[in-house]
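> Next come the chains, spelled out residue by residue.
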Amino acid sequence: MASPKNVIYFISSPFLKFFQQTSNKIYGTFNFLLTIKDLSRENYSLREENKNLLQENAILKEADRENELLRERLALGEPIARQLVLADVVGLNPQLGQYFLINKGSADGLAPDLAVVSANNFLIGKVAEVGSRSAKVILILDSNYSVNAITQQTQINGIIRGSHGLVLNMEMIPGDQKVDSGEMVLTSGLNGSIPKDLIIGRVVEVTKKESEIFQKATLRPAADFKKIESVFIILK
Amino acid sequence: MIYFAVFLISILLAVGQLTFFSKLAFWAFNPNLILAGILSYAIFGQEEKNQWFVLIPALILDLLVGRPFGFLTLALWLTFYLIDWLARILFRQNDWPAIVLLIMSGVLFFELSLVGLIKLAGLLHLINKINFEWFYFYGTIPLNILGNGIFCLFFVRLLQKIISKKLGEKI
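Protein sequence lines correspond, in order, to chains X and G. If you read the first sequence in our numbering, its first letter stands for residue 3, the second for the next number, and so on. If you read the second sequence in our numbering, its first letter stands for residue 13, the second for the next number, and so on.
Bound-form chain G, shown alone (with noise of 0.2 Å):
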């Protein structure tokens, strides 16, 4: 049921993201809900994380419209796991300052790694080579750091809120 749940949440954050949230792109900001997502469950899940919760989004987004198929998983699967790793050794306090730190190291990260794996897929010919100008490093990756970084603000305080009612309950 809940693996049902989260397929459900994925297409409408997916629709949702290239739909409504794609009339909110500005300059050369791209609004990203499910890197959202996925970087707030990073933060604030539980100790344990069920890489499917992380998997199941991408490849929607990913099958939906990722060209080439693939990076975009690859990217958000290795920012989660990284993000979750600083989240747990680095930044174990949880404050605000440290969530905000985590939340830009977890869209610059994912930035820079989907430039990455693109670059080395066109050096190995498996796609047709994609050539970024130095606007995307200087231009679009701070603009999308703030950008997708306040709707992650917005994911982490939901999650905050459903992880305190949760406890509430058991107490």
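The shape of chain X in the complex, shown without the other chains (with noise of 0.2 Å):
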């Protein structure tokens, strides 16, 4: 079966290529004439964000660097690098489930169940399926993808699920612990494959019933799906 599918895949692929970056640029143009007019408004908040983003940036290099101290007093060795292979996003099928359509395979070392991440860190999804020069990825919106999840300033564990494409909800979590809207959720590292600490999300609703043991918060992805173009793979 493999044969096929790299055969059709060869045969589509410059077409892919193509098409993909011509459609990113359209849908690039029309996006920015329908928000034009809200970028005003945005430009306020993202400056607003901004100053609050470098002060704390300025927070947690002073902990990097007090880390890396406290690491080589301890004789703790430097963390792991990991192993990253760049990938360009060809099509994006949304039939049936979520996926992209990734223009490297096993030839690069891709196997199924490896993470997959934007360039800021931003968790996509993972590995489907692998061909020899290709590959699928299921996204985190998709309704049959989960992944655990840890709330990045309450540590309150939790599910990751999508739904439909259209958002992400995290599930599972205490009736009896407290999410605060607008916190950010990170992996947990409790799913083998998916290292801990990708961003995932932040939170924008919690619904908790009476009658039920675990709460659900709404989440907003971090990462813009239909933007994106290139993904990085996360080699064991």
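Just so you know, not all the hints are guaranteed correct.
Simulated crosslink set (PhoX-like; lysine-lysine; CA at most 25 Å straight-line) [said to hold, decoys possible]: (1) G:K141 / X:K7; (2) X:K27 / G:K35; (3) G:K35 / X:K228.
Just so you know, the hints here were simulated from the structure itself, not pulled from any lab data.
Join the two chains, each given in its own frame, into one complex according to the hints.
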């Protein structure tokens, strides 16, 4: 089965590359024209967020420096660097599941279940199927994808599940725990193949019913899936 | 030569679906050009239909993105035969209400047959179990009927023009 797939992919790949690049340019232009009226407000909110992030960045740099110093003193050695493979997104198939088609495969070291991230360390999904020169990536927005997660500040565990490519839900949150709206959610590393501390999204709304043991949170994904052109696959 | 043309058109449709038209996906609607093309061929092709004109595009899309492989092809093939039979037996007059009804039936049957095949494969442990939420049935499927129905109408109109030009040339 692998050979016909590889042959069809090989024949389609020039068209896929050309059409994807053209559609990204057209989509970018249309998106700009449609959102132009919101640019001023977005600009203001981004400036405010940037000021907060500068302050946070300064604190984190200090913490990083202290971390390095302590690692040195305790002879813990350098943290293990991740090995990454860069791939281009050549197609998106939302038919019966949310999948990307990427232009790297087993010949580049890819294997099923490897984590796929964007340049900002946002979790995109995982490798579902691998050909010799292409692979399918199941997105975190897919209803059949789930990953263990943890909230950044309150350190509450839960399971992230996609919902028909529309939103992310964080489920199995203990009912007695308080999750704050606006909190970042990261991977917990409890899934063997998905490393910890990959950014999933931000909590938008928390739903709690009196009769239920667990509560549920709705997340806005960190990554903008329609604009992604390249991804990184984290090799084991 | 005709088979090469079908092969090339199928590649272009599949690639277009994965690139340009995937950007048109909104809420839960997923554009499916291959389904639209096959349905329009079932509704408006000549009496004797060549099943390779259905299998080639279906297999190409399935090989590119089908997961699990084979289910898309089977669902498209079954849909084609059902709609072809309905178009010949029940809706002979081929006016616009009949065409719209055939298109809606075709998209609905395709979606449900895909779900059925996947559920069956999950029960037989051929693939990992895939769960469908209720939203898929009351949200995704109606949106797909509307959206892919519009694409199909476009293809039907295109086929109508091609066939009437050919008939015009013969006369």
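> Now look at each hint and say whether the structure bears it out.
Evaluation of the provided hints:
1. G:K141 / X:K7: holds, 23 Å
2. X:K27 / G:K35: holds, 12 Å
3. G:K35 / X:K228: Holds, at roughly 7 Å.
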